[in-house]
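Sequences listed follow chains C and B, in order. Just so you know, the first sequence maps onto residues 1 to 505 in UniProt numbering. Just so you know, the second sequence maps onto residues 1 to 505 in UniProt numbering.
Please keep in mind that the hints were generated in silico from the structure rather than gathered at the bench. Treat each hint with caution, since some may be false.
Note: identical chains are not told apart, hence a pair may lie in one copy or across any two.
To be verified - Derived pair list, reagent style DSS-like, types lysine-lysine, alpha-carbon separation capped at 30 Å:
#, residue 1, residue 2
1, K40, K86
2, K458, K39
3, K40, K213
4, K108, K10
Number of protein chains: 2
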Amino acid sequence: MAQTLQSVEKDFLNYVKKMAHLNEAIGVMYWDLRTGAPKKGATQRSEVIGTLAADVFAMSTSDEMKQYIDELSEPTHYATLSDITKKTLEEVKKEYERNAKIPPAEFKEYVILQSNAESIWEEAREKSDFSMFQPYLEKLVETNKRFIGYWGYEGNKYNTLLDMYEPGMTVDILDRTFKKLRDHIVPLLQKITTKQQPNQDFLFTKFPKEQQKDFSLHVLKEMGYDFEAGRLDETVHPFATGLSPGDVRVTTRYDEQDFRTAVFGTIHEGGHALYEQNISPKLIGTPLCTGASMGIHESQSLFWENMIGRHFGFWQNHYETLKSYSAGQFDAVSLEDFYKAINVVEPSLIRIEADELTYPLHVIVRYEIEKGLFNDEIEVKDLPRVWNEKMQEYLGITPPNDAQGVLQDVHWSGGSFGYFPSYALGYIYAAQLKNSMKRDLPNVDEAIANGQFELITKWLQENIHQYGMMKKPMELLQDVTGEGLNADHLIAYFENKYSAIYDVK
Amino acid sequence: MAQTLQSVEKDFLNYVKKMAHLNEAIGVMYWDLRTGAPKKGATQRSEVIGTLAADVFAMSTSDEMKQYIDELSEPTHYATLSDITKKTLEEVKKEYERNAKIPPAEFKEYVILQSNAESIWEEAREKSDFSMFQPYLEKLVETNKRFIGYWGYEGNKYNTLLDMYEPGMTVDILDRTFKKLRDHIVPLLQKITTKQQPNQDFLFTKFPKEQQKDFSLHVLKEMGYDFEAGRLDETVHPFATGLSPGDVRVTTRYDEQDFRTAVFGTIHEGGHALYEQNISPKLIGTPLCTGASMGIHESQSLFWENMIGRHFGFWQNHYETLKSYSAGQFDAVSLEDFYKAINVVEPSLIRIEADELTYPLHVIVRYEIEKGLFNDEIEVKDLPRVWNEKMQEYLGITPPNDAQGVLQDVHWSGGSFGYFPSYALGYIYAAQLKNSMKRDLPNVDEAIANGQFELITKWLQENIHQYGMMKKPMELLQDVTGEGLNADHLIAYFENKYSAIYDVK
């Protein structure tokens with residue numbers, strides 16, 4: 001068969017486009033299931049999603065895919081490819097190699113294990129009984145160790161897992177960075193815990209749902225979220241989903257006794273959504289049409305949620321508006337007191353409820369445990385003890401039970417090891433980006449106080465969003481900030497902000 | 001390969017299940033596009049739908065499908081199959097043969113023609129210029145004639161087209177039935193047009209949308225529509241979609257100046273939806289998990305819309321409720337006057353706006369034209385004249401332009417010839433079913449007046465719904481009514497109802 005080089009490239013791009021199409025269909029069904037699909041159809045719908053997901057997996061490991069990879073990787077052929085094709089090839093090759101190295105029978109067994117482990121974890125958490133979950137977690141760790149054997153690793157076994165969520169990230173970098181962060185946060189936190197907490201009572205007064213929604217929509221619009229390319233819906237566990245840059249949906253949850261859930265949640269998901277809406281349309285139909293990594297994605301949501309949404313200037317501009325939407329709960333509260341209340345720092349047990357200063361410590365606990373597990377320094381059976389010791393060491397509190405401790409997160413039950421660090425990386429990246437933004441836009445804080453978000457959105461679009469996965473996270477960071485991962489900016493941000501709020505230094 | 005018979009049957013059922021799963025995914029995306037998907041993602045989403053639809057088509061005509069058909073049709077093997085597999089085999093075989101007989105190049109050309117013809121039709125209708133559409137319609141008719149040549153036919157070429165929408169239906173049956181219907185409706189209509197029309201002004205007063213919605217939900221619930229297996233949304237062109245029996249969604253449209261659009265529209269789509277919700281779960285994952293035919297489906301929606309929703313007894317029970325939801329527009333209107341107003345009969349130009357008595361005449365006009373086209377008795381170029389003559393003959397009015405005449409329907413532009421008769425068949429079937437229901441449930445009219453719909457829903461479920469496509473339309477009709485297609489019941493219904501309303505005999 002005398003195919004031209006161009007025609008192989010074209011066929012390959014059509015092949016990956018079909019995979020992207022199947023993933024988009026899965027995305028629509030997933031969104032639908034989470035926002036209002038009738039419950040009696042849910043089991044059947046999950047089967048449909050399973051069928052499509054199996055198709056995508058089969059395509060990613062097919063002989064046809066192997067042939068494309070081999071033909072296009074051939075040096076004289078490779079040289080003729082477009083940049084987008086080259087990056088696409090790199091991604092599918094990475095996935096092909098990851099999947100093809102696992103014997104099919106072992107992979108199948110692992111999928112079943114994941115599914116069973118998730119059900120058992122749910123029950124174990126409910127009963128706060130780690131021993132129920134332990135044998136499953138042992139198998140999950142063991143299987144992932146065996147997979148690392150198949151995949152290979154450089155430097156540290158855990159690097160292979162990190163690389164799945166944050167390409168290029170290593171234990172060396174994280175050890176150095178997280179140590180520095182921890183060494184600054186822990187003493188700062190200790191100082192804060194000696195101080196009197198600001199009054200927060202007024203936060204927990206009834207704020208009608210419809211008004212919360214209207215205020216959330218107002219802020220989303222100001223952020224530059226395009227409602228012709230998205231929509232806001234209600235769900236139990238909020239998320240944003242980028243089906244294509246023309247259809248990026250945000251979901252939120254309303255708690256009438258705590259408006260922060262919806263308002264900060266919507267801003268957070270809105271940050272994810274802006275990223276996906278602003279990816280270059282040239283990447284549609286390729287695996288590159290999403291964020292550069294989990295950490296970079298999280299940097300966008302956290303930038304908006306914290307660096308903007310919890311910024312004093314933001315509330316200088318928005319507090320009166322919030323008051324006008326509320327049922328009067330803030331009438332007797334000054335802007336300063338409101339600002340302090342939404343920035344309270346307090347050690348707590350549950351990661352997803354933590355404030356921005358203590359959050360990274362929750363992540364570091366998990367990182368150290370995962371690293372220990374995959375380097376045979378910690379055994380699964382010891383996790384409850386190790387968890388509680390680290391919580392006491394870093395946060396000064398010990399969980400009263402495993403449900404509020406080692407069993408709180410779903411991640412491990414699905415075999416997602418190496419994912420947690422992304423959350424802390426998101427904070428570090430966000431602070432680095434804010435610093436570079438200030439270099440390029442010296443008046444950025446005034447812009448926030450004046451509600452001129454279009455400057456910020458434009459800067460993020462030009463420097464981050466448009467590239468999708470065309471740049472690796474470290475490359476993106478280097479290009480924008482001129483440096484690699486650096487916790488100094490986050491540390492400076494925390495010290496400035498909280499020394500002012502709590503009058504500590 | 002020594003496969004057991006059971007394993008071939010199992011593989012075949014998995015193969016068709018995958019097709020059903022792809023169709024369900026398409027259904028979710030279609031519903032989403034029509035109810036609230038962001039417009040900037042619509043083009044991309046249509047491509048995704050196209051990819052999945054192409055997959056389903058490829059599977060229906062694949063070598064693998066051919067092999068299943070051949071192996072399972074082999075008599076000793078066939079004898080071992082379950083009833084569901086036998087019926088499934090029959091359906092996929094019919095489709096395989098239909099698709100496989102068309103040379104691929106011709107099929108591809110036809111798909112392009114359909115797509116172009118639809119765009120041109122839209123423009124032609126807007127400009128009311130039949131000559132623009134004429135060459136496309138000629139090609140569509142010509143291509144379908146050539147396809148009939150490939151497919152073959154029995155008795156009449158048009159039978160092959162009828163069979164696609166209403167299996168077993170023939171020109172002989174329709175000629176006889178439609179003639180009888182026409183011969184009764186036309187003189188009845190002529191008598192009615194000499195009478196004074198009841199007052200309808202109060203119908204067109206503002207009825208707030210939210211209240212229309214609440215009343216529609218109230219009626220849907222009474223009908224037995226299961227909201228845990230469905231939902232009601234808003235759209236431009238209302239429809240019901242059965243994604244699976246556990247997820248059957250209804251959409252409607254609200255016109256604040258004419259509550260009938262939403263109320264009768266919701267009852268109509270609710271009739272379709274009850275059918276799909278009550279199909280036996282055993283048929284999930286097969287092509288049999290839908291209505292027996294277009295006509296039988298329409299019988300369900302029309303039964304609820306007209307035999308119930310426009311029944312005097314229904315309003316005896318619901319008029320006060322409707323009044324309580326409205327903003328007072330019916331306060332000075334008696335039940336009798338309301339009933340007459342919602343049952344006004346008046347010849348009109350547009351099929352989809354026609355009342356129940358004149359509606360079948362609109363269909364008969366189209367039927368006679370289609371039959372003439374495919375038997376070379378009518379030429380496309382003469383359609384505007386023929387259309388207008390028939391409208392004058394049956395309805396006593398002549399369209400002032402082609403937009404309100406021959407160009408009004410989308411069907412022909414998509415190559416859907418043979419579809420229109422289903423609409424009139426729906427009326428005829430509905431009246432036959434009502435008659436049999438009265439035989440089994442002598443107090444059915446009292447039940448309607450008392451709002452005891454569960455009796456009716458249960459009867460429909462037992463006699464119609466549960467079977468899905470396990471029975472052919474004629475078989476279903478015979479089993480339930482003890483007779484074949486018979487317009488007498490519809491004629492009797494019309495004569496009874498309208499002689500009372502208009503005081504004619």
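Now the hints, each set against the structure:
Taking CA atoms no more than 30 Å apart as the test, K40 paired with K86 passes between copies only; the shortest distance there is 28 Å, against 44 Å inside one copy. Only between protomers do K458 and K39 lie at most 30 Å apart by alpha-carbon distance; the minimum there is 23 Å, versus 41 Å within a single protomer. For the identical chains of this complex, K40 and K213 are neighbours both inside a copy (28 Å) and across copies (23 Å), given an alpha-carbon limit of 30 Å. Taking the shortest Cα distances, K108 and K10 sit within 30 Å of each other only across copies (20 Å), while inside one copy they are farther apart (32 Å).
Of the numbered hints stated above, none is contradicted by the structure.
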